[in-house]
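Chemist: Below, each chain spelled out in residue letters.
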Amino acid sequence: EPEVTQTPSHQVTQMGQEVILRCVPISNHLYFYWYRQILGQKVEFLVSFYNNEISEKSEIFDDQFSVERPDGSNFTLKIRSTKLEDSAMYFCASSSDRAPEAFFGQGTRLTVV
Amino acid sequence: RKEVEQDPGPFNVPEGATVAFNCTYSNSASQSFFWYRQDCRKEPKLLMSVYSSGNEDGRFTAQLNRASQYISLLIRDSKLSDSATYLCVVPYSSASKIIFGSGTRLSIRP
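Protein sequences, first through last, are from chains W and A. The numbers in our numbering rise by one with no breaks, and the one at position 106 of the first sequence is 106. The numbers in our numbering rise by one with no breaks, and the one at position 103 of the second sequence is 103.
One should not assume that every hint holds.
[To be verified] Below, computed lysine to aspartate or glutamate pairings styled on EDC-like, alpha-carbon distance capped at 16 Å:
hint	chain 1	residue 1	chain 2	residue 2
1	A	45	W	1
2	A	97	W	3
3	A	97	W	56
4	A	97	W	53
5	A	97	W	101
6	W	83	W	63
7	W	78	W	68
8	A	42	W	3
9	W	42	A	39
10	W	42	A	7
11	W	78	W	97
12	W	57	W	68
13	A	2	W	1
14	A	45	W	68
15	A	45	W	3
16	A	45	A	82
17	W	42	A	5
18	W	42	W	86
19	W	78	W	63
20	W	83	W	68
21	W	42	W	85
22	W	57	W	71
23	A	79	A	57
[What the hints assert, rightly or not] FRET-style restraints, in silico, Cβ to Cβ:
hint	chain 1	residue 1	chain 2	residue 2	range
24	A	57	W	9	40 to 46 Å
25	A	1	W	27	35 to 41 Å
26	A	79	W	113	38 to 44 Å
27	W	111	A	8	24 to 30 Å
28	A	26	W	40	21 to 27 Å
29	W	18	A	67	47 to 53 Å
Derived from the structure by calculation, the hints contain no laboratory data. No residue lacks a Cβ here, since even glycine has one placed at the ideal position from N, Cα and C.
Make a model of the complete structure from these sequences and hints.
Modeler: Now the structure itself:
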């Protein structure tokens with residue numbers, strides 16, 4: 001069964017450093033998403049990406065964040081100058097253009113120290 | 001009204017009970033709706049899709065009331081393995097922005 005894969009599963013970084021979270025969406029999917037879930041809180045929409053550009057972004061997705069699809073398979077989230085409050089689980093998801101159900105990767109737990 | 005709002009729970013029910021969760025949404029233009037389940041520290045997993053008035057899959061029934069902008073999930077004959085957080089999910093702006101409710105936590109006791 002096709003699945004979304006994310007690497008790394010856990011990333012520890014020092015405050016102020018840049019991190020890149022990586023995702024390989026399901027191969028025939030066209031919509032890609034990043035979500036964030038702070039421990040004990042809700043799943044929050046960050047950004048969606050379609051046709052090589054951002055479709056929608058939330059107010060959380062400020063200049064600190066960027067997304068990229070550097071090749072035909074990877075989808076990355078870059079967080080610049082990380083802050084303690086960026087510590088969270090980051091989920092990547094993808095969906096096809098025929099059905100909006102989104103399928104999620106297992107997440108990357110980011111810990112900023 | 002919030003984009004997606006759910007009963008916060010937690011619901012604590014005995015095995016075999018029937019339990020129902022509610023969800024309201026603000027965007028009257030939304031055409032499809034989803035229920036996901038999320039186990040502790042895991043990713044959300046799709047449970048059911050709702051495109052018309054409702055959907056049934058075994059012990060699970062989802063119903064949609066477009067006039068009231070309300071979705072429900074009914075779980076019959078609950079099992080210990082049903083213990084999880086149930087997330088109501090509504091796409092906005094077509095598929096560009098998929099919004100999650102805050103989730104309803106369900107705990108099934110033996």
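Chemist: Now, for every hint given, state plainly whether the structure supports it.
Modeler: Hints, one by one, checked against the model:
{"no.": "1", "hint": "A:45 - W:1", "result": "holds, 14 Å"}
{"no.": "2", "hint": "A:97 - W:3", "result": "violated, 20 Å"}
{"no.": "3", "hint": "A:97 - W:56", "result": "holds, 6 Å"}
{"no.": "4", "hint": "A:97 - W:53", "result": "holds, 14 Å"}
{"no.": "5", "hint": "A:97 - W:101", "result": "holds, 12 Å"}
{"no.": "6", "hint": "W:83 - W:63", "result": "holds, 13 Å"}
{"no.": "7", "hint": "W:78 - W:68", "result": "holds, 8 Å"}
{"no.": "8", "hint": "A:42 - W:3", "result": "holds, 14 Å"}
{"no.": "9", "hint": "W:42 - A:39", "result": "holds, 13 Å"}
{"no.": "10", "hint": "W:42 - A:7", "result": "holds, 13 Å"}
{"no.": "11", "hint": "W:78 - W:97", "result": "violated, 25 Å"}
{"no.": "12", "hint": "W:57 - W:68", "result": "holds, 14 Å"}
{"no.": "13", "hint": "A:2 - W:1", "result": "violated, 35 Å"}
{"no.": "14", "hint": "A:45 - W:68", "result": "violated, 25 Å"}
{"no.": "15", "hint": "A:45 - W:3", "result": "holds, 11 Å"}
{"no.": "16", "hint": "A:45 - A:82", "result": "holds, 13 Å"}
{"no.": "17", "hint": "W:42 - A:5", "result": "holds, 11 Å"}
{"no.": "18", "hint": "W:42 - W:86", "result": "holds, 14 Å"}
{"no.": "19", "hint": "W:78 - W:63", "result": "holds, 10 Å"}
{"no.": "20", "hint": "W:83 - W:68", "result": "violated, 21 Å"}
{"no.": "21", "hint": "W:42 - W:85", "result": "holds, 15 Å"}
{"no.": "22", "hint": "W:57 - W:71", "result": "violated, 21 Å"}
{"no.": "23", "hint": "A:79 - A:57", "result": "holds, 15 Å"}
{"no.": "24", "hint": "A:57 - W:9: 40 to 46 Å", "result": "violated, 30 Å"}
{"no.": "25", "hint": "A:1 - W:27: 35 to 41 Å", "result": "holds, 38 Å"}
{"no.": "26", "hint": "A:79 - W:113: 38 to 44 Å", "result": "holds, 40 Å"}
{"no.": "27", "hint": "W:111 - A:8: 24 to 30 Å", "result": "holds, 27 Å"}
{"no.": "28", "hint": "A:26 - W:40: 21 to 27 Å", "result": "holds, 24 Å"}
{"no.": "29", "hint": "W:18 - A:67: 47 to 53 Å", "result": "holds, 49 Å"}
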